[in-house]
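Since chain A is already given, all that's left is putting chain B on it; use the hints.
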Amino acid sequence: MTTLRLASAFILSAGLAGPALLPGTAAADETCMSPYMTKISGQEDFVYVWTLGMDGVGDEQDKLVTVAVNPSSPDYGKVVHTLSVGGRNEAHHAGFTDDRRWLWGAGLDTSKIYVFDVHSDAGQPKLHKVIEDFVAASGGVVGPHTAYALPGRMMLTGLSNNKDHGGRTALVEYTNEGEYVATHWMPTDDNLQGAEKTGQYADGYGYDVRVLPRRNLMITSSFTGWSNYMMDFGKMLKDEEAMKRFGNTVVVWDLHSRKPEKVFDVPGAPLEIRCAWGPENNYCFTSTALTSKLWLIYADERDDWQAKEVATIGDPSQVPLPVDISISADDRLLWVDTFMDGKTRLFDVSDPFHPKQIYEREIGKQINMVSQSWDGKRLYFTSSLLANWDKKGEDDEQYLKAFEWNGQALEPTFAIDFIAEKLGRPHIMRFGSYALYGQAPAASATTELARRD
Amino acid sequence: MKRIFAAAAVVLLSTLGAAHEPLPPGYGELGYALPAPGSYRLPPLGRAADGEVLDTRGETRSLGALLDGRVTVLSFIYQSCHDTSGCPLATTVLHRIRQDTAREPELAERLRLISLSFDPDRDTPEHMAHLAHNFRFVEGGSDWLFLTTASQEKLQPILDAYGQAMMRERGPDGEETGDLAHVLRVFLIDSERRIRNIYSPSFLHPDLVLNDVRTLFAEAGPDPAHAPAHTAHAATAGPGDDKTGYERPDYRTRSLSLAVRRGRPMDLLANLQDPPLGLPPVPVPADAPVTQKTVAIGRKLFFDRRLSLNGTFSCAMCHIPEQGFASNELKTAVGIEGRTVRRNAPGLFNAAYSAPLFHDGRETRLEHQVWEPLLAANEMGNPSIASVVEKVRRLPDYRGLFEDAFGRGPDMETIGQALASYERTLNCGDSPFDRWYYGGEPSAIGDAVERGFAVFMGKGGCVGCHLIGPEHALFTDGRLHNTGIGYAASMAREPTTRRIQVAPGVALDVAAALIGKVSEAPPSDLGRYEITRDPDDRWKYKTPGLRNLTLTAPYMHDGSIATLAEVVAFYDGGGVENPLLDPSIRRLDLSAREQTDLVAFLEALTGRCDDLVADAFAAPVGDASADDPPWWE
Chain A
1 MTTLRLASAF ILSAGLAGPA LLPGTAAADE TCMSPYMTKI SGQEDFVYVW TLGMDGVGDE
61 QDKLVTVAVN PSSPDYGKVV HTLSVGGRNE AHHAGFTDDR RWLWGAGLDT SKIYVFDVHS
121 DAGQPKLHKV IEDFVAASGG VVGPHTAYAL PGRMMLTGLS NNKDHGGRTA LVEYTNEGEY
181 VATHWMPTDD NLQGAEKTGQ YADGYGYDVR VLPRRNLMIT SSFTGWSNYM MDFGKMLKDE
241 EAMKRFGNTV VVWDLHSRKP EKVFDVPGAP LEIRCAWGPE NNYCFTSTAL TSKLWLIYAD
301 ERDDWQAKEV ATIGDPSQVP LPVDISISAD DRLLWVDTFM DGKTRLFDVS DPFHPKQIYE
361 REIGKQINMV SQSWDGKRLY FTSSLLANWD KKGEDDEQYL KAFEWNGQAL EPTFAIDFIA
421 EKLGRPHIMR FGSYALYGQA PAASATTELA RRD
Chain B
1 MKRIFAAAAV VLLSTLGAAH EPLPPGYGEL GYALPAPGSY RLPPLGRAAD GEVLDTRGET
61 RSLGALLDGR VTVLSFIYQS CHDTSGCPLA TTVLHRIRQD TAREPELAER LRLISLSFDP
121 DRDTPEHMAH LAHNFRFVEG GSDWLFLTTA SQEKLQPILD AYGQAMMRER GPDGEETGDL
181 AHVLRVFLID SERRIRNIYS PSFLHPDLVL NDVRTLFAEA GPDPAHAPAH TAHAATAGPG
241 DDKTGYERPD YRTRSLSLAV RRGRPMDLLA NLQDPPLGLP PVPVPADAPV TQKTVAIGRK
301 LFFDRRLSLN GTFSCAMCHI PEQGFASNEL KTAVGIEGRT VRRNAPGLFN AAYSAPLFHD
361 GRETRLEHQV WEPLLAANEM GNPSIASVVE KVRRLPDYRG LFEDAFGRGP DMETIGQALA
421 SYERTLNCGD SPFDRWYYGG EPSAIGDAVE RGFAVFMGKG GCVGCHLIGP EHALFTDGRL
481 HNTGIGYAAS MAREPTTRRI QVAPGVALDV AAALIGKVSE APPSDLGRYE ITRDPDDRWK
541 YKTPGLRNLT LTAPYMHDGS IATLAEVVAF YDGGGVENPL LDPSIRRLDL SAREQTDLVA
601 FLEALTGRCD DLVADAFAAP VGDASADDPP WWE
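Going down the list, the protein sequences come from chains A and B.
FYI, in the UniProt record's numbering the residues of the first sequence are 1 to 453.
FYI, in the UniProt record's numbering the residues of the second sequence are 1 to 633.
Just so you know, the hints here were simulated from the structure itself, not pulled from any lab data.
Be aware that a few hints might be false.
[As the list claims (entries may be wrong)] 30 angstroms max Cα-Cα, derived DSBU-like pairs, lysine-lysine:
no.	chain 1	residue 1	chain 2	residue 2
1	B	LYS293	A	LYS365
2	B	LYS517	A	LYS244
3	B	LYS517	A	LYS392
[Claimed, not checked] Here are a few chain B residues that sit away from chain A, every Cβ distance over 12 angstroms (derived from the structure):
no.	residue
4	GLU126
5	PHE135
6	GLU169
7	ILE195
8	GLU247
9	SER257
10	PRO276
11	THR291
12	PHE313
13	TYR398
14	GLY458
Note that CB positions come from ideal geometry on N, CA and C, so glycine has one too.
So that you can see chain A by itself, here it is in the shape it has in the complex (with noise of 0.2 angstroms):
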């Protein structure tokens, strides 16, 4: 673990060698990056923002918008640079390679993957390469979800196939080259492939993934179908059938060989997996969204691997629709989005075992994703959940909204309204730096580079 400074930045080089690195990715925020990743543990130069093309919005395409985020840029709080990619995708996720030089953005819809060069650049980034063939590839998963780092190579969750466009899915590995390299299906009845089935559920459902590579653990969880997650919200909620088909199940794996080796029942869909960071924390948490439920999945005192509800979040009769979490780097504090609220709650984490809630504030008519800095005092919001999914009419509000923790409150500190600036449905967000590959801003007196210490 070391550290390096470019003008403000500071640059977390976690569990990886040398004494600084390059990016890696995975579903949200600074502190749910792979550990195989450099983090960016001072001031942020950029948010790039993976953005859905709307229709009758702009150019209608997905895109990824870069914002300035640093306060000393005179750009701060400005798009700085859009990249379309033509047509639309239902981007979502993205995700950079382990050493942080490329960004795969993934869609669901198309099961396209682009691979994004933030490293030529760090504040104009280029499309490098689309990955058109993931589907035929992986033999039949669709929908690739989260992008996540391993040495060398990409972790990608499916949430669907090629088959029925349910909620059967797979694994799949790319190179960081963008070759493919293996499908890991999920655990089905009729193949456990020697997993466990702890309870009553293995349906074969995929959505994150995260590693604990102390414990040579890999977590995966499970939400639905293209055909769900594609429809219209109210259509879905109003078709039984459809209803269904949601993942109940996370699964942990032998992060090694690849291998499941036990199946917890977490009804409701469990989405975002958050791990702890610190060294004797070995447990991740997951949010279930249609149950609004915090999950714990912790190693026992026998060091068995085990799933407990630990926590309500909100009324869960009114449906609040938890979506997107984030963990401090110092596991005391988890940040939960609610999307049908459009509010953002912190827990009390310090007793993983009891979670409290200590704070609420509403973010907008709805929200999606939170990404925080590596020191938890900045945090930045999008709105979006999925096309078809975004609330309707007025309340179908697209931003970015930053905040600065204080300790006790979140303090607006700038907004971005994407239909205004014609750029359409704002997901998720990856955090970059000039600092990652030793370049100065453009525009900036300060180029020196310093050690930490």
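Here is chain B on its own, set in the frame of chain A:
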């Protein structure tokens, strides 16, 4: 080495984040049990690149040649590196591997260790020789080479090929500190020069690396990936993702893997020429003859997802073979980009006999009908006929097929004929009812079915619309009727709450106002009226055939009824009262037993469809490939 460790400790104390960051496992115990060598796969990660390197004597060597014939562990290092999680770790682990292999000469012989510097300016061959000298004390063990390069120019292509990005660090005044920022990657390379694993500090450990080395050596034996994991068969009836009983707390999954969804081709044309028991001769238009070749093209087109605007949809995404060529997973269909389709995807078994076509009866020929989903903006979304024809014309895997089958290339007529040809073979009869009624097998059905048949013919009056002939039966009058379901959907008030299943055995009553916030305005559906503009045709829909109903839930034109028992109860209650209700729909006052018997009868109408489904499983699914041509110039 001592000096390096001391310098690194200072850096370690300066870290952010967790107050105490432990040393990487490579310096100590791994901390977990490894899977048995050979019990897992290490899929190739690409080719290990060649390059021009220098050995400790300063002689030029080919890196590629050094990799050939042995398993290699390759580590990029530089000698002035301080980071305990970096180069010193890699060198320590290689040293420990060498120590371990000293006890296993047979393994040691087949393994080579390489430390390659990425600092040619300072790590000269002499410096590398000095480093090698530090490790000279191990007796035996695998060969360990310490290599460098002649210059940055010689080094850079190697770094690029191995994805080893590197950045020179600078001090406060912009001067180079001599530190190189890089991601530590150690490569495992097999004897055929393929990269098989890439290690980072969090799991770079001698035990783990040697476990992988042994796994590579075990590859001569049976491949665990190809070992028969299980012998389950693909279910040809019902979704592999069975959700029956999901409403109940005791629900248990019975999911099937997609890998077993494999089938075998059948002679589809024979199924048209000699249709199964209970079905009449298949009507084939004189201008659209069906041949083995036209069927084969139609089958290929049917499963080709490239035939939609954005490559996500084939006919089979809504007409799923094991779900009766319908969809059990949705009440009403969903098209490209998730767009709303108003009606339930109808099953395609026996579509050859279906006239008219669509729930509102707006088409009369399959050749015409198949174009509508291709062109509908909310189904497959193609913007024009030309866009479909051009795609088919340009796809290399269709080259020559149309010319061979039709005497001309793909066009609106031949594409329509090909798809219709395939659909005309999907004939499924020979049900228990057929064997009893037409086949003269008294034991083909039980008493309940026979009693149900009596209700169907008599008190229920079902046969008035669902016709049965003396030699065969399609169970439809081919006409359109108002049952009131469409009327209710258009005219009834919305409930204030709606029960929503959020997990097995867990349902919530959710306010309609809340659902409304995330709902598009539901499209209206006026049925046959939309075709004829005759007000009397409002909410009329086609009488469906009743064969293979057990495969095609949910039911009715909008999928609004989940089970056959509920369908029977609906008709027993006389449908939904409305001014245009079909006069043949009236209260039936069937007893509970009569209703159960009627369901038993309907269930006896499911034929032997397994071979058709297995054939569909064997059909290739068309997905976008790297070789696809551009669709437009």
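Can you name, in rising order, the numbers of the hints this structure does not satisfy? 1, 6, 7, 8, 9, 12
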